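Going down the list, the sequences are from chains C and U.
Residues 444 to 707 in our numbering are what the first sequence spells out, letter by letter.
Residues 31 to 298 in our numbering are what the second sequence spells out, letter by letter.
Accuracy of the hints is not assured; some may be wrong.
Keeping only pairs whose Cα atoms sit at most 30 Å apart, straight-line, the calculated BS3-like set for lysine-lysine is [as the list claims (entries may be wrong)]:
#: 1; chain 1: U; residue 1: Lys-270; chain 2: C; residue 2: Lys-623
#: 2; chain 1: U; residue 1: Lys-163; chain 2: U; residue 2: Lys-97
#: 3; chain 1: C; residue 1: Lys-642; chain 2: U; residue 2: Lys-97
#: 4; chain 1: C; residue 1: Lys-620; chain 2: U; residue 2: Lys-151
#: 5; chain 1: U; residue 1: Lys-253; chain 2: U; residue 2: Lys-272
#: 6; chain 1: C; residue 1: Lys-623; chain 2: U; residue 2: Lys-151
#: 7; chain 1: U; residue 1: Lys-253; chain 2: U; residue 2: Lys-270
To be clear, the hints were calculated from the coordinates, so they are not data collected in a lab.
Computed from a prediction, not measured in an experiment: that's the story for all the values here.
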Amino acid sequence: MRFRNLTIGQHIPGNSVVHRLDPRTKILGTTLLIVLLFAVNGFIGYGLVALAIAGVIHLAKLPWRYVIRGLRPLLVILLLTVGLNVFLTEGEVIFRLWFLTITREGLARGGMMGTRLVLLIVGTSLLTLTTSPIQLTDGIESLLNPFRRLGVPAHELAMMMTIALRFIPTLLEETEKIMKAQMARGADFQSGGLMQRAKSLIPLLVPLFVSAFRRADELAIAMEARGYRGGQGRTKFRELRFGRIDAVAIALLVTFTVVVGVFF
Amino acid sequence: METEALLDVTLEIADGEFVGIIGPTGSGKSTLIQHFNGLLLPSSGKVWVDGVDLTHKDTQLRQIRQKVGMVFQYPEHQLFGETVLEDVGFGPRNMGLAEEEVVERVRRALAYVGLDFAELKDQSPFELSGGQKRRVAIAGVLAMEPSVLILDEPTAGLDPKGREEILDEICTLHRERGITVILVTHSMEDVARLVDRLIVMDRGRVALDGTPVEVFRQAETLKELGLGLPQVTELMHELKAKGMAVDTDVLTVEAAEEEIVKALGGQR
Chain C
444 MRFRNLTIGQ
454 HIPGNSVVHR
464 LDPRTKILGT
474 TLLIVLLFAV
484 NGFIGYGLVA
494 LAIAGVIHLA
504 KLPWRYVIRG
514 LRPLLVILLL
524 TVGLNVFLTE
534 GEVIFRLWFL
544 TITREGLARG
554 GMMGTRLVLL
564 IVGTSLLTLT
574 TSPIQLTDGI
584 ESLLNPFRRL
594 GVPAHELAMM
604 MTIALRFIPT
614 LLEETEKIMK
624 AQMARGADFQ
634 SGGLMQRAKS
644 LIPLLVPLFV
654 SAFRRADELA
664 IAMEARGYRG
674 GQGRTKFREL
684 RFGRIDAVAI
694 ALLVTFTVVV
704 GVFF
Chain U
31 METEALLDVT
41 LEIADGEFVG
51 IIGPTGSGKS
61 TLIQHFNGLL
71 LPSSGKVWVD
81 GVDLTHKDTQ
91 LRQIRQKVGM
101 VFQYPEHQLF
111 GETVLEDVGF
121 GPRNMGLAEE
131 EVVERVRRAL
141 AYVGLDFAEL
151 KDQSPFELSG
161 GQKRRVAIAG
171 VLAMEPSVLI
181 LDEPTAGLDP
191 KGREEILDEI
201 CTLHRERGIT
211 VILVTHSMED
221 VARLVDRLIV
231 MDRGRVALDG
241 TPVEVFRQAE
251 TLKELGLGLP
261 QVTELMHELK
271 AKGMAVDTDV
281 LTVEAAEEEI
291 VKALGGQR
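All chains should be built: construct the whole structure from the sequences, respecting the hints.
Take a look at the structure:
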């Protein structure tokens with residue numbers, strides 16, 4: 444079993460215009476994209492959004508194949524959505540085979556849903572691909588800050604995210620180590636039915652949880668030993684700053700969203 | 031980025047040997063021992079255990095892993111059972127043994143590591159002390175009754191008494207049951223005292239291979255690798271450099287004492 448090639452929140456470092464944008468600009472852009480994708484109805488609109496996304500990928504100098512590969516984990520959901528829409532929409536029948544009927548409306552709807560999902564996945568993945576986790580959490584913290592008065596623990600949330608991201612590789616490594624140790628005792632993680640496989644995970648999960656709790660304790664103590672007291676009065680080494688490119692980017696994004704959203 | 035963790039390693043370990051493996055951090059010790067029971071397979075080359083080729087696709091690696099028991103670093107981190115009996119019995123149960131046989135093996139395995147079966151069997155392993163956890167974890171491997179036992183720094187993080195006891199127990203197992211022991215350690219004192227043969231790893235290769243006396247004669251090479259000599263051996267080297275007529279092939283305090291007394295003319 445290989446865990447190393449997991450691609451959750453993968454970041455591709457770079458120095459392109461997109462990489463240099465303030466993370467808050469990119470978070471805003473992603474939010475606009477999501478809104479836009481649900482506002483747009485019609486293939487011309489989707490085409491324009493697709494072009495815009497392609498433009499960003501080009502600007503960010505991201506490898507195309509890598510971006511497309513991000514769709515793979517969601518392929519099942521994608522196929523299911525398209526399939527259900529194609530086969531279950533009522534309307535003008537254009538094809539019938541046994542119990543399967545395809546209607547003109549279904550085809551259009553399935554195509555739309557599929558396109559919407561693909562654009563959604565690819566578009567939002569651009570955020571994590573071009574923004575380092577640290578920048579991303581800094582951006583989220585800064586955006587949540589105004590809501591602190593309403594009791595949103597902005598700094599704490601951001602810190603939790605940072606720590607969670609930081610510990611993904613550590614936990615994967617730990618998992619591999621424990622698996623090896625249990626395999627040395629004759630454990631078998633691969634064969635057997637569903638129940639048996641689930642049961643065979645106990646010798647893996649129990650030590651993993653124990654070690655995660657131990658790590659959490661140790662980390663908390665280490666942070667306190669270094670004077671961590673939450674967000675109060677904490678200054679930043681990397682300050683977020685809106686630059687001119689951010690102003691240009693936001694202007695473009697908002698104009699694009701309004702124009703496409705209203706007209707298509 | 032790929033690195034070659036092991037390169038050009040040719041080794042034969044005979045039945046009943048007590049072998050020590052030392053080497054600086056990152057020299058490939060842990061990678062090497064994981065090849066001995068098929069947890070890792072070489073990208074090129076072969077590994078044989080009792081005449082069975084581990085790299086062959088029909089080889090039942092689970093059977094090999096019963097024969098070659100492996101105690102990882104900090105083995106107590108792999109404890110999971112609700113009771114000591116369940117945890118130590120995990121290996122034997124995976125072998126498909128009958129429950130009575132499993133219990134019997136757990137009893138024996140706990141005895142090897144100096145723990146009392148009746149007292150501990152129903153306790154949670156998580157409530158034990160650090161040293162006891164370590165022993166329970168080692169017992170979990172011993173319960174499969176392997177003919178080869180590999181231990182990766184079994185005494186790391188234990189107090190001196192715990193270290194001593196665990197090493198003594200391993201020694202007893204080797205002596206009385208004749209099992210082959212492969213011990214990875216950073217302690218020159220431990221290897222000097224215990225092993226018949228010492229393998230020194232460096233950057234994925236075998237740098238030195240011989241009896242402890244032979245290996246420790248290569249003081250220069252060992253120092254270059256960032257390793258040292260056992261303290262008594264170091265002492266003998268220094269005495270000799272100061273002009274005392276002592277033999278430097280000394281690995282234990284007792285032998286050193288005898289050697290110094292002899293050099294002083296026989297009187298204490």
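Check your understanding: Does the structure break any of the earlier hints, and which numbers would those be?
Key -> 1
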